[in-house]
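Novice: Protein chains in written order, with this note's numbering: chain A, 1 to 483; chain B, 1 to 582.
None of these hints come from the bench; they were simulated from the model. Where is the CB? At the ideal position from N, CA and C, for every residue including glycine. Misleading hints may appear alongside valid ones.
[Said to hold, decoys possible] Straight-line distance between alpha carbons at most 27 Å, and here's what the computed BS3-like set of lysine-lysine pairs gives:
hint, chain 1, residue 1, chain 2, residue 2
1, A, Lys455, A, Lys430
2, B, Lys295, A, Lys83
3, B, Lys539, A, Lys440
4, B, Lys295, B, Lys379
5, A, Lys300, B, Lys295
6, A, Lys300, B, Lys297
7, A, Lys292, B, Lys295
8, B, Lys295, A, Lys155
9, B, Lys101, A, Lys15
10, A, Lys83, B, Lys379
11, A, Lys13, B, Lys101
12, A, Lys292, B, Lys272
13, B, Lys272, A, Lys93
14, B, Lys272, A, Lys300
15, B, Lys166, A, Lys428
16, B, Lys297, A, Lys13
17, A, Lys58, B, Lys294
18, A, Lys393, A, Lys430
[To be verified] One side of the interface only, derived from the structure: several residues of chain B facing chain A at Cβ under 7 Å:
hint, residue
19, Ala138
20, Gly172
21, Leu245
22, Lys294
23, Phe508
24, Gly511
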Amino acid sequence: MNSPKKEKPRPEKSKAIHQLAVEMIIRLNVILKGARIYEPNNLLFQRQVSLFLTLLRKALRESGEASLSVRGNTLFFNNIRLKYGFANYHFFKFVLEELRRKQLGAVHFKPEITESEVEIMMTVWAKADPQNIAPYDALAAELKNRGLDHISVEKMIPSDLDKSREESAAKVFFLGITHLEEAFEGGFSEERIRLGTTRRLMQSIFNHISDHESFVQGLTNIKNFHEYTLNHSMNVCILSVALGRRLGLDRNELIDLGISAFFHDFGKLDTPKEILDKPGKLDDQEREIIEKHPYQGAGKLVQFKGMKSLPLQAIQVALEHHVKEDMTGYPRYFKKQSTNLFSKIVKIADFFDAVTTPRVYRTKHFTRDEALTMMLAQSGKEFQPLLLREFIKMMGVYPVGSFVGLDTQELAIVVENSQETAQILRPKVKLITDSSGNKKDGEIVDLMEVDPSTKTFKRTIVMTLDPDKYGIRVADYFLARAG
Amino acid sequence: VAVSSLDQAQKDGVKEILHVLVNAVSAAKLFPSDHQSVVNFISDLHERLTRYLDEYWKLELDIEERAFVMEGERIFEDPHPLKSLPFFFFKDGMQKLYFYKGLTKDELKGFLETMRAVSLLPPEDGDIVTALWEKDFANIRYLAPDDYLETRIGVGRPTLRAQVDKAGLSRGRIALAPEDMDEMRSRLLALSESQQGQSGNPPADAEPNPAASSEDIGTRELESLLQTSRQLSPEDEYLNLVVELIYLEDRADQFPAIVDVLEQYHQDIMRKKDFSKAAGLIRSLSEIRERLAKKDKLKAALIETVISLLTRKSVLVDLKSSFDPSSLNDMDGLLSYLGLFGPEAASLLADVYEQNRNPEWRSRVLEMLKNAGRGDIQKLGPLIQDARPGLSQEIIRLFKESQDSRVVPHLANVVSYRNPAIKLAAIRALGSITDEAANKILLGFLPDPSEEVRVAALDNLKKTEDISLVSHICGLISEKSFAKKSGREKKAFFDFLGRSDSEEACTFLAGILRKIPFLPNPKHTELCLLAVSALAAMKRPASLDILKEAAKRRNLKIRTASLRAVRAKSEVVISFTGRIQQ
Numbered sequence: 001m002n003s004p005k006k007e008k009p010r011p012e013k014s015k016a017i018h019q020l021a022v023e024m025i026i027r028l029n030v031i032l033k034g035a036r037i038y039e040p041n042n043l044l045f046q047r048q049v050s051l052f053l054t055l056l057r058k059a060l061r062e063s064g065e066a067s068l069s070v071r072g073n074t075l076f077f078n079n080i081r082l083k084y085g086f087a088n089y090h091f092f093k094f095v096l097e098e099l100r101r102k103q104l105g106a107v108h109f110k111p112e113i114t115e116s117e118v119e120i121m122m123t124v125w126a127k128a129d130p131q132n133i134a135p136y137d138a139l140a141a142e143l144k145n146r147g148l149d150h151i152s153v154e155k156m157i158p159s160d161l162d163k164s165r166e167e168s169a170a171k172v173f174f175l176g177i178t179h180l181e182e183a184f185e186g187g188f189s190e191e192r193i194r195l196g197t198t199r200r201l202m203q204s205i206f207n208h209i210s211d212h213e214s215f216v217q218g219l220t221n222i223k224n225f226h227e228y229t230l231n232h233s234m235n236v237c238i239l240s241v242a243l244g245r246r247l248g249l250d251r252n253e254l255i256d257l258g259i260s261a262f263f264h265d266f267g268k269l270d271t272p273k274e275i276l277d278k279p280g281k282l283d284d285q286e287r288e289i290i291e292k293h294p295y296q297g298a299g300k301l302v303q304f305k306g307m308k309s310l311p312l313q314a315i316q317v318a319l320e321h322h323v324k325e326d327m328t329g330y331p332r333y334f335k336k337q338s339t340n341l342f343s344k345i346v347k348i349a350d351f352f353d354a355v356t357t358p359r360v361y362r363t364k365h366f367t368r369d370e371a372l373t374m375m376l377a378q379s380g381k382e383f384q385p386l387l388l389r390e391f392i393k394m395m396g397v398y399p400v401g402s403f404v405g406l407d408t409q410e411l412a413i414v415v416e417n418s419q420e421t422a423q424i425l426r427p428k429v430k431l432i433t434d435s436s437g438n439k440k441d442g443e444i445v446d447l448m449e450v451d452p453s454t455k456t457f458k459r460t461i462v463m464t465l466d467p468d469k470y471g472i473r474v475a476d477y478f479l480a481r482a483g
Numbered sequence: 001v002a003v004s005s006l007d008q009a010q011k012d013g014v015k016e017i018l019h020v021l022v023n024a025v026s027a028a029k030l031f032p033s034d035h036q037s038v039v040n041f042i043s044d045l046h047e048r049l050t051r052y053l054d055e056y057w058k059l060e061l062d063i064e065e066r067a068f069v070m071e072g073e074r075i076f077e078d079p080h081p082l083k084s085l086p087f088f089f090f091k092d093g094m095q096k097l098y099f100y101k102g103l104t105k106d107e108l109k110g111f112l113e114t115m116r117a118v119s120l121l122p123p124e125d126g127d128i129v130t131a132l133w134e135k136d137f138a139n140i141r142y143l144a145p146d147d148y149l150e151t152r153i154g155v156g157r158p159t160l161r162a163q164v165d166k167a168g169l170s171r172g173r174i175a176l177a178p179e180d181m182d183e184m185r186s187r188l189l190a191l192s193e194s195q196q197g198q199s200g201n202p203p204a205d206a207e208p209n210p211a212a213s214s215e216d217i218g219t220r221e222l223e224s225l226l227q228t229s230r231q232l233s234p235e236d237e238y239l240n241l242v243v244e245l246i247y248l249e250d251r252a253d254q255f256p257a258i259v260d261v262l263e264q265y266h267q268d269i270m271r272k273k274d275f276s277k278a279a280g281l282i283r284s285l286s287e288i289r290e291r292l293a294k295k296d297k298l299k300a301a302l303i304e305t306v307i308s309l310l311t312r313k314s315v316l317v318d319l320k321s322s323f324d325p326s327s328l329n330d331m332d333g334l335l336s337y338l339g340l341f342g343p344e345a346a347s348l349l350a351d352v353y354e355q356n357r358n359p360e361w362r363s364r365v366l367e368m369l370k371n372a373g374r375g376d377i378q379k380l381g382p383l384i385q386d387a388r389p390g391l392s393q394e395i396i397r398l399f400k401e402s403q404d405s406r407v408v409p410h411l412a413n414v415v416s417y418r419n420p421a422i423k424l425a426a427i428r429a430l431g432s433i434t435d436e437a438a439n440k441i442l443l444g445f446l447p448d449p450s451e452e453v454r455v456a457a458l459d460n461l462k463k464t465e466d467i468s469l470v471s472h473i474c475g476l477i478s479e480k481s482f483a484k485k486s487g488r489e490k491k492a493f494f495d496f497l498g499r500s501d502s503e504e505a506c507t508f509l510a511g512i513l514r515k516i517p518f519l520p521n522p523k524h525t526e527l528c529l530l531a532v533s534a535l536a537a538m539k540r541p542a543s544l545d546i547l548k549e550a551a552k553r554r555n556l557k558i559r560t561a562s563l564r565a566v567r568a569k570s571e572v573v574i575s576f577t578g579r580i581q582q
């Protein structure tokens, strides 16, 4: 494609374009959602399209081009990377997901674009068949049929278009457990473990969380697989990195956080298995032994401080993940008055995963939503309140993996939740029974879906249920998607 | 938009780009990024890439072990796998590399710097994929599938995989327990009632209000939490951590390992001259030891061993040998650290004092030295050195204040110093200390080239019972060379004899007065007048007799002076007697 050489954008100009693009993303978010509910002639929808077009034309006037594209987990507008903050995170996430679902790598708008073209484009995009195995091809063909002259689309490049991303995520999950097992077996000797590989693993975990966070969160429903501590550590790692990402930690920090969470229970290597797995209550002596694992782990890790890739926080987290926000818990410090930020994050993830995991010594474990309720009651005392609040927001009212009963009498598993206030009670769920309780490999439905005839939501969650009570292995529903 | 087919011009363009890229990478590996050749390569590469990307939007390269491939065509090959650029990417599992339109020179520079940094690491630590991922260049992307991890993890062991009975997921039936069923029914009822209202209906306006969200106070608090965490010093954090670990470790067999870590840390901070942290560490250990002194004596003893290890003499010796005040930027830390060593650190403190002009620090060092000397003042003795005039005078002042006769030997060396100020200070100190040895040392200053020193030494000689000392002075006066001395110095000699009030001096002075020259001799007259003055200062009765005898001399000056002295002495005696009588 030949294109005239353009003037290099000045920083202030780039800033203005960035601001414009952020507004467009927010508008696009509304349009795509609206297009699912409303007909193209709906006034609200048309108003949003008109507002979007105003922004688009402004961008075209300013820089002569208007292209929205995806590279990795990032949105670009006219080759300017778009950055998001806490406030607009969910708009970005939604648009990114929408582009991904349709395998759209880029959408280019020409200066002559019309309002009707935008309306058509958005309607086709929003209403495309979600089950289509070649969504891009179908969408591109439809747009061609509709004769859109001033909008062109481009397919995602293979690196961003990983067809088997669920499979890949599951693979990384189990590789993580294996990697940890190797480290535990080798007592963390340099010959047995290479932290370079751990960093690479963390990178993959982060990429999967960015790509499809809900599915990866779903994998943390895998419990007691292979060996409790290994599985638990992997879950804590995922939940910590996911929370860290929400908080806006940079990539380096996220890798360090992941490694810290990954090795947080390293001290359990020295704890006798009979005590770790003892059914029933521990006696004082056994409790004392258990409570030594934080500093035993830290003591081991500190000896490897020379390893360049081992972050200091890994030692702190190993030591502090049972210290409460009010500095009670264990171990009791000599002087320190507070714990490290990563320790506070890992503590939340650790607690959540631990109490939602069935253990021989625990008479009852909690469902995911019960666990969050219980944790909320301990905010400020046990957990850092701001971090806990973000964690709860991340997990949602119905955390991924929750087993729910719907008003249709169908039973379902929550597979994806939204951060938007309007949708917080309406996650996406996988139907696992019909209304009579017969098990089925049901579709994934969006609880935001509206019945056009009644103008009411098609389904609503009525209550959460304990999956164990009904022999439901929640993790299986996620693993089944991984092939 | 995407590249559809490869024409010759495009192919040539890419070949040129790759050629320059290879050269740029080689240059970047050899030279720092601001080296002219690297700068030139980057400019050239950026220019070529920009030209290409302006036309084709992106450059997509497939990576093989020994080649870059474009649309199935090997466009660059290097037969040396270990050194080749394709292999550099290939070995870490990268399969594709993309450059996008919009690529900046800074990104390109960062890309080359990243490659350089990775190439400098040992192969097992360096990973170009992770390094590029961390940099997250907007216009340089890559494809590196997770499969690569399988070559690094779990090699030689069975693959972990959870088995799922997919068919089982849609087999059977779930019947809710009665209590759940009841709950479900009642909630359904409640829901249906509420749907009469609004909650079941979709929202009328889904328009978001980003402005309201962005003002979320919680967001700001969170950002501040992150900011605070980012501002923590890793060194401080590590120190705190190690201290806590030492405190918590209760397994004696684990102590050596922790001590190794601690020692390593101590060495690191000493290498960085971070004395504040070193001081903090030792102080914290001491606090732990204090706390455990009663409840865990064994551990307290172990910690004592650690403290001894960290404060052993050789640490100071090493520090002294590498001490460079010009590179010091934490004087407070250094002084806190040295303070923990007590008198052992005196020598280093002396160096600090001498090489630092700041009066505040100097006074603090002196205070520390004073404290160090409180236990054993002699420890400060070796600090008196010719090369440290300022400090030496201060130490001598401390000696003087101490009035401790044990310091006298340390002042003996000063005799051979060159610096007159130190000598004068030592002389004053020696003069104030009541010790025979002090007088003997003062005698050592008498051959000093400086008259001021000699006079001061004489002035500070104290009355003594030691006849040999008086004899020595008398001997010096008798020497021919004495005549060449100034009147001031001569007077100082005779003043001492007067102060000595000794029989020996008295006899010697009488001898001078009784000697009558054949011809008038002004030098002799001068000596006689000095002798009269010395005798006048004496209290022993014999001095009066000698003076009376001298008062009969023909020499007017001697006679007059002697008479005046006799009169003065008599008045003293009369007055003294009179008072007694009253």
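Novice: Run the distance test for Lys272(B) versus Lys300(A): straight-line Cα separation, threshold 27 Å.
Specialist: Given that 27 Å is the threshold and the Cα spacing comes to 25 Å, the pair holds.
Novice: Is Lys83(A) within 27 Å of Lys379(B), Cα to Cα?
Specialist: violated, 66 Å
Novice: Under 7 Å, Cβ to Cβ, is where Ala138(B) needs to be relative to chain A, so tell me if that hint holds or is violated.
Specialist: holds, 4 Å
Novice: Sort out whether Lys83(A) lies within 27 Å of Lys295(B), counting only the CA atoms.
Specialist: violated, 56 Å
Novice: Going straight from one Cα to the other, do Lys13(A) and Lys101(B) come out at no more than 27 Å?
Specialist: holds, 18 Å
Novice: Taken at face value, is the distance from the CA of Lys430(A) to the CA of Lys393(A) at most 27 Å?
Specialist: Holds: Lys393(A) and Lys430(A) sit about 21 Å apart, inside 27 Å.
Novice: How about Lys294(B): closest beta carbon in chain A under 7 Å, or not?
Specialist: Status violated, d = 16 Å.
Novice: Using 7 Å as the Cβ threshold, decide whether Gly172(B) counts as touching chain A.
Specialist: The hint holds - Gly172(B) has a Cβ within 7 Å of chain A, the shortest such distance being about 5 Å.
Novice: So if I understand the rule, the pair passes when the alpha-carbon distance is 27 Å or less; does Lys297(B) with Lys13(A) pass?
Specialist: violated, 70 Å
Novice: Is the straight-line distance between the alpha-carbon of Lys300(A) and that of Lys297(B) 27 Å or less?
Specialist: holds, 25 Å
Novice: Check the hint pairing Lys300(A) with Lys295(B) against an upper bound of 27 Å on the C-alpha distance.
Specialist: holds, 26 Å
Novice: Decide if the proposed pair is consistent with the structure: Lys455(A) and Lys430(A), CA atoms, cutoff 27 Å inclusive.
Specialist: Since the Cα atoms of Lys455(A) and Lys430(A) sit roughly 22 Å apart, the hinted pair holds (cutoff 27 Å).
Figure legend: structure checked against the earlier numbered hints; hints not met, in rising order: 2, 3, 4, 8, 10, 12, 13, 16, 17, 22, 23 and 24.
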